[in-house]
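Q: Here's the letter readout for the chains.
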Amino acid sequence: MRIIEHLAHFFIPRHTNNHRAKLLHSSTLIYLIVILIYYQLTIQFIARSGFKVLGYAANISTNDVARLINEERKKVGLMPLTINESLQKAAYQKGEDMVTKGYWAHVAPDGTEPWKFFKDVGYRYQFAGENLARDFPDAASAIKAWMDSPNHKDNILSSKYKETGVAVVEGRIAGLDTTVIVEFFGKKFADIAPLIPVASAKTTGEAVLSQENSSPVKTNIVVSPFNITRNLSMALITVILGTLVVDGIIVSRRKIVRVAGRTIAHAAFLGMILIFALIIRSGSIL
Amino acid sequence: MKRMTKHLPHYISLIGILGAGVTGFIIFSHDRQFQGAVSIALASGYVAWGVIHHYLHKDLYVSVVIEYLVIATLGLVIIFSLIFRA
Numbered sequence: 713m714r715i716i717e718h719l720a721h722f723f724i725p726r727h728t729n730n731h732r733a734k735l736l737h738s739s740t741l742i743y744l745i746v747i748l749i750y751y752q753l754t755i756q757f758i759a760r761s762g763f764k765v766l767g768y769a770a771n772i773s774t775n776d777v778a779r780l781i782n783e784e785r786k787k788v789g790l791m792p793l794t795i796n797e798s799l800q801k802a803a804y805q806k807g808e809d810m811v812t813k814g815y816w817a818h819v820a821p822d823g824t825e826p827w828k829f830f831k832d833v834g835y836r837y838q839f840a841g842e843n844l845a846r847d848f849p850d851a852a853s854a855i856k857a858w859m860d861s862p863n864h865k866d867n868i869l870s871s872k873y874k875e876t877g878v879a880v881v882e883g884r885i886a887g888l889d890t891t892v893i894v895e896f897f898g899k900k901f902a903d904i905a906p907l908i909p910v911a912s913a914k915t916t917g918e919a920v921l922s923q924e925n926s927s928p929v930k931t932n933i934v935v936s937p938f939n940i941t942r943n944l945s946m947a948l949i950t951v952i953l954g955t956l957v958v959d960g961i962i963v964s965r966r967k968i969v970r971v972a973g974r975t976i977a978h979a980a981f982l983g984m985i986l987i988f989a990l991i992i993r994s995g996s997i998l
Numbered sequence: 080m081k082r083m084t085k086h087l088p089h090y091i092s093l094i095g096i097l098g099a100g101v102t103g104f105i106i107f108s109h110d111r112q113f114q115g116a117v118s119i120a121l122a123s124g125y126v127a128w129g130v131i132h133h134y135l136h137k138d139l140y141v142s143v144v145i146e147y148l149v150i151a152t153l154g155l156v157i158i159f160s161l162i163f164r165a
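Residue numbers (this note's numbering), protein chains in the order written: chain F, 713 to 998; chain H, 80 to 165.
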């Protein structure tokens, strides 16, 4: 019985809560804000403490990335990019460099630029480009994120590039187990022989990728910090929205006069936050 | 409902502000900095709307302003924890 009284006090406007659900009181909401901030700090602490419990599960194959990129090019009438083994190797080295040194950027903290990896494998380029993605659950969502970004889309749909190399690398960045996708784009100097002969430069992507590194990368992650944060946030907003609706209906029917903000305005704002939480995706691109 | 009809232009402007924010959030889904800026602008606009609305309605009190500020902050904390997460 006391539990029901407590619940009613918390969710229904009545004399015990000054005719406004206790959950909607500014003091209660401030407590919730403090708890959310504390929760975020805890997540950050766990990520940096070395406990391997947080990260992003992925199921990505280099085959899928290359195929989807060429499908996008095909849609706009461009020739597909051919997979170049040297570029594959360069992309893999870039991914390894990021997880080894623990950075997430085009240029490493020590100043190493992406073009160094092209040169290291003997790829003499006329044009070169790089797209990076991390924390995506699959190849399709990573490609969609690139296509939504004008700069990354320019790389994918550029007629300047003729070849590509894709690598999917697992490792830890900023304390989180993650999966990084590196895609290099390039066009070699036609009249200059590469420093290292690339025998399969003209081999199609599928053919090369089916021989090596085509199996999906699956990480052994237990908890995605993004998913738990999103689910927790959405549950909290939904509870507050429900309480606002109940509170608004009861106050309106009982014709209670009180000093408070507009229920409809609060519901509209929190509804928008709910939409934002649904829109935001787990991965990030560079 | 009668009060809502009376202040319909107020609510239409609020929906307009929030709708523009959602549109910007979707269009610039690749740009986290922009999404963060949109969220701050929307939260500020929401608080400003509340202050102006209650001032015109002649029921503007400090506790009401605090209520709008707290809800705006709650929304921002949630969005920022998703945009700039671990």
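Don't take every hint at face value.
Chain H regions said to be covered by chain F (calculated; three or more residues, Cβ under 8 Å) [claimed, not checked]:
#1 91 to 99
#2 106 to 113
#3 128 to 139
#4 146 to 160
No lab work stands behind these hints: they were computed from the structure. Computed from a prediction, not measured in an experiment: that's the story for all the values here. We put the beta carbon where it would ideally sit given N, CA and C, even for glycine.
Q: Hints first: check each against the structure and report whether it holds.
A: Structure-based check of each hint:
| no. | hint | result |
| --- | --- | --- |
| 1 | 91 to 99 | holds (count 3) |
| 2 | 106 to 113 | holds (count 4) |
| 3 | 128 to 139 | holds (count 5) |
| 4 | 146 to 160 | holds (count 12) |
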